[in-house]
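Colleague: Modelling step: build the complete structure from the supplied sequences, incorporating the hints.
Residue numbers (numbering that gives the first Met the number 0), protein chains in the order written: chain A, 0 to 169; chain B, 0 to 435.
One or more hints might be untrue.
To be verified - Capping the alpha-carbon separation at 27 Å, the derived lysine-lysine pairs in DSS-like fashion look like this:
| id | chain 1 | residue 1 | chain 2 | residue 2 |
| --- | --- | --- | --- | --- |
| 1 | A | Lys136 | B | Lys7 |
| 2 | B | Lys255 | B | Lys330 |
| 3 | B | Lys7 | B | Lys51 |
| 4 | A | Lys29 | B | Lys191 |
These are computed hints drawn from the structure, not numbers from a lab.
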Amino acid sequence: MSQQLIQSDVALSAEETRQIDAELAHMPQKSGAAIDALKIVQRHRGWVSDESLIAIARYLEMSPETLEGVATFYNLIYRKPVGKKVVLFCDSVSCWICGCDGVKQKITEKLGVDYGETTADNQYTLIPVPCLGACDKAPVMMVGDDLHTHLDNEKIDQIFAGKLSDGEGS
Amino acid sequence: MENSLREKVLTRNIGPDLVPADMESYEANGGYKALHKVMSGMSPNDCLEVIKASNLRGRGGAGFPTGMKWSFVPMGDKCSPGHKYLVCNADEMEPGTFKDRLLMECDPHQLIEGMILAAYTIQADRSYIFIRGEYLVAIERLEQALADCYKRGYLGNNILGSGYDLEMHVHTSAGRYICGEETALINALEGKRANPRAKPPFPQVSGLWGRPTIVNNVETLCNISHIIDKGAEWFQSLGIGEDSGTKMFGASGHVKNPGCWELPMGTPIREILEKYAGGMADGRKLKGFLPGGGSTDFLVEEHLDLPMDYGSIGSAGSRMGTGTMIILDDKTCPVGMVLNLLRFFAHESCGFCTPCREGLPWTRQVLEDIESGRGRKEDLETLVRQVKYIGAIGNTHCALAPGAMEPLQSALKYFQSDFDAHVEQGCCPYTQGERV
Chain A
0 MSQQLIQSDV ALSAEETRQI DAELAHMPQK SGAAIDALKI VQRHRGWVSD ESLIAIARYL
60 EMSPETLEGV ATFYNLIYRK PVGKKVVLFC DSVSCWICGC DGVKQKITEK LGVDYGETTA
120 DNQYTLIPVP CLGACDKAPV MMVGDDLHTH LDNEKIDQIF AGKLSDGEGS
Chain B
0 MENSLREKVL TRNIGPDLVP ADMESYEANG GYKALHKVMS GMSPNDCLEV IKASNLRGRG
60 GAGFPTGMKW SFVPMGDKCS PGHKYLVCNA DEMEPGTFKD RLLMECDPHQ LIEGMILAAY
120 TIQADRSYIF IRGEYLVAIE RLEQALADCY KRGYLGNNIL GSGYDLEMHV HTSAGRYICG
180 EETALINALE GKRANPRAKP PFPQVSGLWG RPTIVNNVET LCNISHIIDK GAEWFQSLGI
240 GEDSGTKMFG ASGHVKNPGC WELPMGTPIR EILEKYAGGM ADGRKLKGFL PGGGSTDFLV
300 EEHLDLPMDY GSIGSAGSRM GTGTMIILDD KTCPVGMVLN LLRFFAHESC GFCTPCREGL
360 PWTRQVLEDI ESGRGRKEDL ETLVRQVKYI GAIGNTHCAL APGAMEPLQS ALKYFQSDFD
420 AHVEQGCCPY TQGERV
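Modeller: In structure tokens:
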């Protein structure tokens with residue numbers, strides 16, 4: 000992180016501050032809300048940029064370096080821009096037994112992205128996720144907030160049907 | 000959940016339609032009766048004695064006696080002034096485990112009532128539900144249920160006029176398997192990286208923010224109100240064998256009817272697999288199974304008549320763990336399955352200690368070589384050495400790496416010929432030489 004960035008004057012919005020304050024009410028010290036604050040800002044901005052991270056660190060009276068250590072530890076905090084929806088693809092053991100490797104290949108072909116990549120139209124980012132706790136319905140994944148179960152090639156076609164061209168993230 | 004003869008406890012409000020129980024329906028079915036009973040005249044010590052006598056053991060995987068865990072919390076004059084914490088571990092991330100999600104989505108009040116009673120027993124005044132961020136439906140329903148509890152006077156100050164105060168809050172996690180380890184979870188709740196802490200001090204004495212803290216699994220806490228309401232003897236009578244109560248058992252993989260069922264503790268494995276899971280899917284035979292999640296040792300056909308309880312599964316060389324079984328069939332490569340698990344554990348290592356951070360990726364690499372047909376005979380000896388050194392309790396900072404070695408060491412024991420075949424044929428016999 001450059002010196003110039005550390006002096007960044009990007010501020011948190013009033014709404015972000017209000018939501019962080021609500022979490023702080025449950026914490027005996029400010030740094031306790033670090034993960035909540037990262038998630039709140041990410042919810043508003045899509046991801047956590049260096050500038051956003053510095054603004055949060057300043058608000059929680061933490062060093063940006065410490066907060067960066069926290070941010071990069073957790074897999075649901077995105078330190079790079081992501082698409083409108085994140086595809087959390089479960090490739091843990093039960094989904095693997097039930098053929099998730101083939102489903103993953105299908106998604107990669109359909110969307111043209113591998114793990115960690117975002118589609119050209121900025122709609123989807125594909126990342127793996129630890130077991131989603133829906134193993135009786137394997138293979139499964141989340142697209143945005145929605146859980147999709149019993150995945151196969153046909154389902155992948157349905158879920159992502161036309162989504163790449165219509166520009167809608169629904 | 001079709002057998003009407005068995006007593007449903009944890010799932011009594013969960014029907015086939017999976018409609019969640021709200022405050023009204025929960026109370027109509029006896030909910031918060033235990034809370035009223037406790038607040039109108041049971042002391043914390045009375046509650047502790049009932050839980051101890053019930054022989055309830057932790058349902059998160061370790062099976063530690065819950066009453067004993069609670070008894071380590073300093074009480075009264077023995078506790079320095081300040082907060083005490085009760086934390087619910089709702090970070091269900093053990094591969095192949097899908098029981099807590101159901102309990103939280105369909106009966107959030109059962110968990111909350113259990114938490115209030117547990118918190119009262121240790122006289123905690125603050126409590127958190129630490130839930131994985133992906134469980135959005137459960138999060139929404141728990142938050143609604145908490146709001147209803149505050150309105151009803153079941154949470155907040157002077158609960159039901161008893162003089163007891165308790166705050167409860169849902170904390171949504173930002174991921175990472177290691178957060179299921181209780182001291183890592185505590186660090187995550189404090190807003191830090193989730194590296195496990197050194198023990199001692201144990202959290203019961205010095206946990207969240209350095210204060211006495213109890214961390215219990217969702218299913219464990221869901222049992223509490225029923226034990227307080229109906230007593231220790233009733234709870235003991237629910238189990239078939241040496242362990243008390245019921246348990247959420249499950250099966251995933253190529254069985255006819257994958258799912259999760261509440262059954263008496265001690266139900267034979269064969270009964271779970273054949274009666275509830277419906278047997279193996281057409282054209283597939285049982286080759287082995289992990290009895291309770293990704294970090295438990297494989298068992299095989301000869302173990303099918305064992306009862307699912309802590310002692311019996313332990314004597315067979317595995318662990319009951321979370322009780323949700325992962326089934327390996329004869330068309331699925333056991334080396335590939337272990338490789339999948341090792342990829343998971345290597346990725347989820349917190350990176351704090353060397354045997355885990357460096358050892359697990361090394362093991363994964365050796366397995367990748369074998370699975371893809373590049374393996375040599377010496378690699379099998381390397382795996383045995385890795386199991387010995389990475390798997391030994393005490394060589395690593397926490398139980399993640401030893402847990403990762405459990406499926407590997409038992410696969411080497413039961414499926415040795417499959418490992419040999421990969422090396423000898425120079426390919427995976429299950430995928431006809433397809434590269435992975």
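Colleague: Is A/Lys136 within 27 Å of B/Lys7, Cα to Cα?
Modeller: 23 Å, holds
Colleague: Need the status of pair A/Lys29, B/Lys191: alpha-carbon distance at most 27 Å?
Modeller: Holds, because 12 Å separates the two Cα atoms, which is no more than 27 Å.
Colleague: Does the structure keep B/Lys7 and B/Lys51 at a Cα separation of 27 Å or less?
Modeller: This hinted pair holds, its Cα atoms lying about 22 Å apart.
Colleague: Mind checking the alpha carbons of B/Lys255 and B/Lys330 for me, to see if they're no more than 27 Å apart?
Modeller: Holds - the C-alpha atoms of B/Lys330 and B/Lys255 are around 15 Å apart, at most 27 Å.
Hint violations for this structure: none, all hints satisfied.
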